[in-house]
Amino acid sequence: MRRTALFLSLLAAGTLGQAQAAPADPAKSSVKFVFTQMNVPVEGQFKKFAADIAFDTAKPDTGKVNIAVDLAATDAGSSDANQAVQMKEWFNTGSYPKATFSASQFKPLGGGKFSATGQFSVKGKTANLTVPFTVKPDAKGSWYEGSFPLSRLAWKIGEGEWSDVGAVADAVQVKFKLYVAK
Amino acid sequence: MIIKYTLPARLLHWLVALGIIAAFALGLTTDSMEGFSLQKLKLINYHKWLGITVLGLVAIRLLWRLSHRPPELPAQMQPWEKQVAHYTHMLLYVLMFAVPLGGWLYSSAKGFPVVWLGLVELPNLMDKNEELAGTIKFMHKIGAWTLVLLAVAHAAAALKHHFIQKDDVLKRML
Ligand code: HEM
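Chains A and B are the protein sequences, given in the same order.
Read in our numbering, the first sequence has 121 at position 121, and its numbers run on one by one without any break.
Read in our numbering, the second sequence has 52 at position 52, and its numbers run on one by one without any break.
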């Protein structure tokens, strides 16, 4: 799936003169999240993911982003929670090991800010998602950073007794920081 | 005429006693629950709220105690008995602070802030540290058991005063 997406984006890059898709540096990049459990903010992290980014701030509409998160490598704040999060009620990683986001619609929002709209897919459900981000170039590459609230219930993350938003709030704040070297 | 402890001192004594028993029972319950469930999550949070409430009450209690001299112990008690009573009470105060503070420290070490009653977010006492968390939890457990066993001995001594010596030691706390 990701391979084809990558292949397609490379093909598109070749034919349409797009920026070359480059993988984010895993050592410098991170995808974290904060969920609220009985009003207690708890930080977690997706420890394994792959992000391919082709983005030129001068030509945002030619951009392409593909991100695949390995949900089995989720740190949900404690060893108990790390196991729980694999289960049917949460990510159900046995059946749906990955969450993916692939975007090809970009809008400049001014001041180095952009938004990416694409298909977000997790736990067998795919829907549109718009993610805001900033681009900060440095000498050797670019930082892509952003933070946005994601409704966990819209993707059935936490079903059954766990759909109780008093216990775990619906909004999960996702914070990503991706570094792509030139 | 019995000279009793002041009303606030008596109230705080029994509130703290109830709080400690309930927090202890809740702690043992959640610790024996396997895995992760909504029920466990809720009980752990109730335990934390209750423990912090006890900590607050103990702080008020100590301030009250330091500013209000308790009535004298019965004259017929031996000096060593008075010493034992005195040091037991001191140790109880130390543990009443140390146990809830240890629980709070453990929560911080695990990376879970304490939000009292789901309303007031308390500062973390330390940064998240999984390696130390296990040791801190063990100390919290040992501290809690010591506190409760000492409180049982303390209650037994009060009952001995009441039923064997037949003095006013228990009545002045009622
Ligand atoms: C009167 C005060 C308290 C008493 C008597 C008490 C007692 C206990 C006991 C007996 C346990 C079970 C330990 C074990 O068997 O391993 C426990 C666990 C625990 N306590 Fe406390 N505690 C108190 C206050 C607090 C406070 C103020 C907090 C945090 C704000 C706290 C947080 C915890 C946590 C997180 C656990 C582990 C629960 C689990 O993982 O199942 N405790 N406590």
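No wet-lab data here; the hints were simulated from the structure.
Hints are not guaranteed to be accurate.
Stated by the list, open to error - Some, not all, of what chain B presents toward chain A, calculated at C-beta under 8 angstroms:
#1 Ala22
#2 Phe36
#3 Asn45
To be verified - Result set (EDC-like, lysine to aspartate or glutamate): computed pairs, CA atoms no more than 16 angstroms apart in a straight line:
#4 B:Lys40 <-> A:Glu161
#5 B:Lys128 <-> A:Glu43
#6 B:Lys128 <-> A:Asp75
#7 A:Lys175 <-> A:Glu145
#8 B:Lys40 <-> A:Asp164
#9 B:Lys110 <-> A:Asp80
#10 B:Lys40 <-> A:Asp80
Beta carbons are placed, not taken as given, at the ideal position from N, Cα and C, and that holds for glycine.
Which numbered hints does this structure break? 1
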